[in-house]
Amino acid sequence: AQSVTQLGSHVSVSEGALVLLRCNYSSSVPPYLFWYVQYPNQGLQLLLKYTTGATLVKGINGFEAEFKKSETSFHLTKPSAHMSDAAEYFCAIGGYQKVTFGTGTKLQVIP
Amino acid sequence: DAGITQSPRHKVTETGTPVTLRCHQTENHRYMYWYRQDPGHGLRLIHYSYGVKDTDKGEVSDGYSVSRSKTEDFLLTLESATSSQTSVYFCAISSGGQETQYFGPGTRLLVL
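From first to last, the protein sequence lines stand for chains A and B. One point on numbering: in my numbering, the residue at position 24 of the first sequence is 4, and numbering is uninterrupted. Here my numbering = 1-based position in the second sequence + 28.
Only chain A is shown next, with the shape it has when bound in the complex:
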């Protein structure tokens, strides 16, 4: 079965600092990987996704993620945090007919 593990349920960064949210996956086949963001009182929306090809994936709002097969990781980064980045972030892995989500990481941005 496919799964993802998000390390750290809460992450705090200062405004302007690097954002790094960690996700490791488990899959016996080449994975489809996603990062979603959820703002308060809203549904999830796609930040970026990896299918095949280029291992560095760029998403919306300046976020990017790198697929590292050797480390089974798909960490999300942003060079400089903005107050508007405060939200909950979910890593997910696509499978046959459905997607499995991680437990989420809440990002706090400190002014």
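Think of the hints as simulated: they come from the structure by calculation, not from any bench. We treat Cβ as the ideally placed atom computed from N, Cα and C, and that holds for glycine. Just to be clear, a hint being listed does not mean it is correct.
[To be verified] To give an idea of the chain B side of the interface with chain A (calculated C-beta under 7 angstroms), a few residues:
| hint | residue |
| --- | --- |
| 1 | S123 |
| 2 | G125 |
| 3 | Q126 |
Please arrange chain B on chain A, whose structure you already have, making use of the hints.
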């Protein structure tokens, strides 16, 4: 934004009462999903549908049933609501199991 709505958006009900939540899409996507979101658990799949009248269970399906009689509508029913079913429920749609999912705004359900 994908055309996906959920109704009701908020509901308070009593233990033992049946409850039905509705998800409606205008995108003609084949796949529809029901999730519940609880602190510390992320999103957990309740049931999903891969076509009209084609449904399957997710990881937390006990106490829930679904129906899909039209492409655009996916109903989630709590047969006899319990306090443990207090949660935020999200519907999502997708064109394929490995494709992007588009989420509705959610339904907050409180079971007293």
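Hint-by-hint comparison with the structure:
With a cut of 7 angstroms, the hint placing S123 of chain B at the interface with chain A is violated, because the nearest CB-to-CB distance is about 12 angstroms. A least Cβ separation of about 4 angstroms between G125 of chain B and chain A falls short of the 7 angstroms threshold, and the interface hint therefore holds. At about 4 angstroms, the closest approach between the beta carbon of Q126 of chain B and any beta carbon in chain A falls short of 7 angstroms, and the interface hint on this residue holds.
Comparing the model with each earlier hint shows a violation of hint 1 alone; every other hint is respected.
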